[in-house]
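Residue numbers (the numbering used here), protein chains in the order written: chain A, 1 to 82; chain B, 1 to 249.
It should be emphasised that the hints constitute simulated quantities derived from the structure, not laboratory data.
For every residue, glycine included, the Cβ atom is placed at its ideal position computed from N, Cα and C.
Among the hints, a few may not be true.
Okay, derived cross-link-like pairs now, DSSO-like style, lysine-lysine, Cα gap no bigger than 30 Å in a straight line [said to hold, decoys possible]:
#1 B/K123 - B/K180
#2 B/K24 - B/K123
#3 B/K237 - B/K192
#4 A/K76 - B/K24
#5 B/K70 - B/K192
#6 B/K118 - B/K192
#7 A/K77 - B/K192
#8 A/K70 - B/K192
#9 B/K70 - B/K118
#10 B/K192 - B/K123
#11 B/K180 - B/K70
#12 A/K70 - B/K123
Some chain A residues flagged as far from chain B (calculated, every beta-carbon gap over 10 Å) [stated by the list, open to error]:
#13 R30
#14 K77
#15 C80
Short, incomplete list of chain A residues facing chain B, as computed with Cβ under 10 Å [to be verified]:
#16 S39
#17 D58
#18 E73
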Amino acid sequence: MTQTNDQDRVRSAFSEVLGLPLESIADDLRYATIPEWDSIAHMSVVAALEDRFGVMIDMDDVIDMNTVGKAREILKKYGCDV
Amino acid sequence: MISASEAIERARLTPWDERALGMKTAEFRDLDQVDDAELPLAIEAIESWARSQGVVYLFGRVDSNRLRAKRALSEAEFEAVETSLTLSKSNLDTLPSFPRHMLPTFRDAMPADLPWLKTVAMKDFHHGRFLEDPLVDETLSRQRTINWVVDLVEQGHLRVAEMRGHAIGFHAERLRACGKIADLILTGTESKYAMYALPLWTAALQSLLARGVDHCETLISSANVGVINLYVRLDFKFETSLTGYRKIL
C-alpha cells in the first residue's frame, strides 16, 4: 500500500504541476512529448518532487528525468520509497 | 513623425554585421515614423545613401501594423525575412519561485570562457535576423552570433551562469544611464541545460531587481516559440510586433 501511495505522490506531483488529470499521468509519459511538459515546466516538476519527498535532486538527474518512470527510478536512488 | 531626410540620418552602417557576413551592411531605423506620403521618397533616399556607401545588405524593421510602410518596402523590392517582438516587464518582484539551490549564480565572463561560449553561440542559437534569412549562409550567420558574444564579453556585458560549478548558460544586459531600466541583450543556456532556462532567466531578473532596476525591455524573434513561452511564464508584456525587411543591393 505504501508503494501505491508513493506512486500516487509521484503522479500527483506531475498532475498538479502540469495541470493534467491524474489518470493521464503514466510511467511512460515522456518529457517534451506534450505541450504541458516542456523545459519551462520541468523545473517546477522537479521542485514539486523535491518538496514532496524531501530530497535535493542533482543536476545530472534533473536532466535525465525524461519520463515519469525515470523520475520514480531517480527518487528510489535517493532512498525514497517509491 | 519624421521627414525622409531624418530617416536617412537615422540609417547606419553596421560593421559588426559586415565582419561576419563579409559584405557591407547597413540598417534603416524609424522608417515607421515617416509620414505615409513620404515613405517612397524616404526608402529611395535610404537606398541611394546605402548604395553610395557600397552597402550590399540593407535591413530594417517596421511595426507590423504599419501596412503602408510594409507596402512601400515591398514596392521597393524589399523582402520580409523575419518578425520580432518587443517585450517589457515592470513588476520585477513577481517572478516564478524556485528553491535557492535551483537558481544559478552569475560571474563575469573571462577569456578562458570564450571557447565554450563560442561553441554555445554556434550550436545552440537558432534565431535572429540573419539566421532566419534564407539568403544568408548559415555558417556566416552563426559566425555573426559568435562575434556578438565575443563583443559582449569584451564590453563587460556578459556573465556566465553556473550551477554547482557547471557553466550552464549566459546572460548579457545593459543598464541605461538612469540605472533603473535594463535592456536584456542576449540570454541562453547550453542545449543540454535547456531545462534550467527558466531558473536562469529568473535569477537574471532577480539580480536586476537587487540592483535597483525596476523595468526591463528586450526584443526576441517571434519564430522562437520556446523563448516566447518563457517570457509568458515570466509575465512579460508584449509591446510591439516588428517585421524585418531586407534588400540585397
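Broken hints, by number
Structure breaks hints 1, 4, 5, 9, 11 and 18.
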